[in-house]
Amino acid sequence: MINDAKLMSISGWDTFSPRLQQEISEQARSRYEKAGSIVFHQGMAPEVVAWTMKGLLFTQVQHANGNQTLLTHIPPGRLVLFNHVWRQRPVGRDYYAVTDVELLIIPRRYAAKLLAQHEEFKMFVIDALTERLDDLDRVLYTHKVASRELCIACFLVDCSVAGDDCVYLPFTMQFMADCLRLSRKFIANSLKKFQNNSLIDLRYGKIYILDIGRLRKIAYQI
Numbered sequence: 001m002i003n004d005a006k007l008m009s010i011s012g013w014d015t016f017s018p019r020l021q022q023e024i025s026e027q028a029r030s031r032y033e034k035a036g037s038i039v040f041h042q043g044m045a046p047e048v049v050a051w052t053m054k055g056l057l058f059t060q061v062q063h064a065n066g067n068q069t070l071l072t073h074i075p076p077g078r079l080v081l082f083n084h085v086w087r088q089r090p091v092g093r094d095y096y097a098v099t100d101v102e103l104l105i106i107p108r109r110y111a112a113k114l115l116a117q118h119e120e121f122k123m124f125v126i127d128a129l130t131e132r133l134d135d136l137d138r139v140l141y142t143h144k145v146a147s148r149e150l151c152i153a154c155f156l157v158d159c160s161v162a163g164d165d166c167v168y169l170p171f172t173m174q175f176m177a178d179c180l181r182l183s184r185k186f187i188a189n190s191l192k193k194f195q196n197n198s199l200i201d202l203r204y205g206k207i208y209i210l211d212i213g214r215l216r217k218i219a220y221q222i
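Position 48, counted from 1, in the sequence shown is what the UniProt record's numbering calls 48; the numbers after and before it change by one each time, with no gaps.
A hint or two may mislead.
Stated by the list, open to error - Straight-line Cα separation of at most 35 Å, DSBU-like style, residue types lysine-lysine; simulated pairs:
hint: 1; residue 1: K144; residue 2: K122
hint: 2; residue 1: K217; residue 2: K193
hint: 3; residue 1: K217; residue 2: K144
hint: 4; residue 1: K192; residue 2: K34
hint: 5; residue 1: K185; residue 2: K113
hint: 6; residue 1: K217; residue 2: K206
hint: 7; residue 1: K113; residue 2: K144
hint: 8; residue 1: K54; residue 2: K113
hint: 9; residue 1: K217; residue 2: K192
hint: 10; residue 1: K192; residue 2: K54
hint: 11; residue 1: K6; residue 2: K193
hint: 12; residue 1: K6; residue 2: K217
hint: 13; residue 1: K6; residue 2: K122
Derived from the structure by calculation, the hints contain no laboratory data.
Given the sequences, and given the hints that come with them, work out the whole structure.
Now the structure itself:
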C-alpha cells in the first residue's frame, strides 16, 4: 500500500470520497525509472494509468530513419495513460526519462473498475486529460508563437517543476537545441543573455533558475 504522503500529493486527492481513496491506496504502486530510460516502451508493457510524482519526463517519437524527437514535457502531478490504443492502433510515442522519474501506477484492469464504479474518478480523469491538452497548448506557444528567444524562456519556465528559486535543470545546450529545433549557438547566446540579466546561472552542465518570476514574465510577456 502506498503511503498517505504520496497519495495526498495527487492534485484533487482531498476531493475523493473515503471509499475511492481507500481503493486507490490498495491498488496503486510506485515505479522508478532511471534517467535516460524509456518508460513503458510502446507495445512492450501493459496499459496503465499513472501519475508523475517527480522527475523530468518527456514524450518522444521515433522516426523511420532512426532519429528521435522530444516533444512535450510532462509536469509532476499529471495523469498519463501509458500504452493505450486509439481505434485499435497504438499511440506512436514513447516516454523518455530525462532525470530519475517516480510514477504512481494503477494497472488498467483496476483503473477500468474505478472508472465504472466511481463517477468522481471518471470526472477526475477527464479533467486530467484536459490538463494534458493545456500542456500541448503551451508547447504550441513555445514552438510556434513566441520568438526564438522567448521560445527558450518558455521552455525553461515549463520545465521548472518547482516554484522556488534556485531550481536547476540538467539540460545541456545540445539537449535544448534538439528539443526546440534551434541551433546550439543560438541556445548558448540566449542563455548567456539570461545569465547576464541574473535570470539563470550556468554551472557544471546545469541551468540554475535564479528568478522564475521574472523569467515567467519574459516568457509569456506578462
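Verification of the hints:
1. K144 <-> K122: 33 Å, holds
2. K217 <-> K193: 16 Å, holds
3. K217 <-> K144: The given pair, whose Cα atoms are some 18 Å apart, holds under the 35 Å limit.
4. K192 <-> K34: It holds: about 30 Å lies between the C-alpha atoms, which stays within 35 Å.
5. K185 <-> K113: 52 Å, violated
6. K217 <-> K206: 22 Å, holds
7. K113 <-> K144: This hinted pair is violated, its Cα atoms lying about 40 Å apart.
8. K54 <-> K113: 26 Å, holds
9. K217 <-> K192: 18 Å, holds
10. K192 <-> K54: With Cα atoms ~28 Å apart, K192 and K54 stay inside 35 Å; holds.
11. K6 <-> K193: 39 Å, violated
12. K6 <-> K217: 31 Å, holds
13. K6 <-> K122: 21 Å, holds
Hints 5, 7 and 11 from the list above are not met by this structure, while the remaining hints are.
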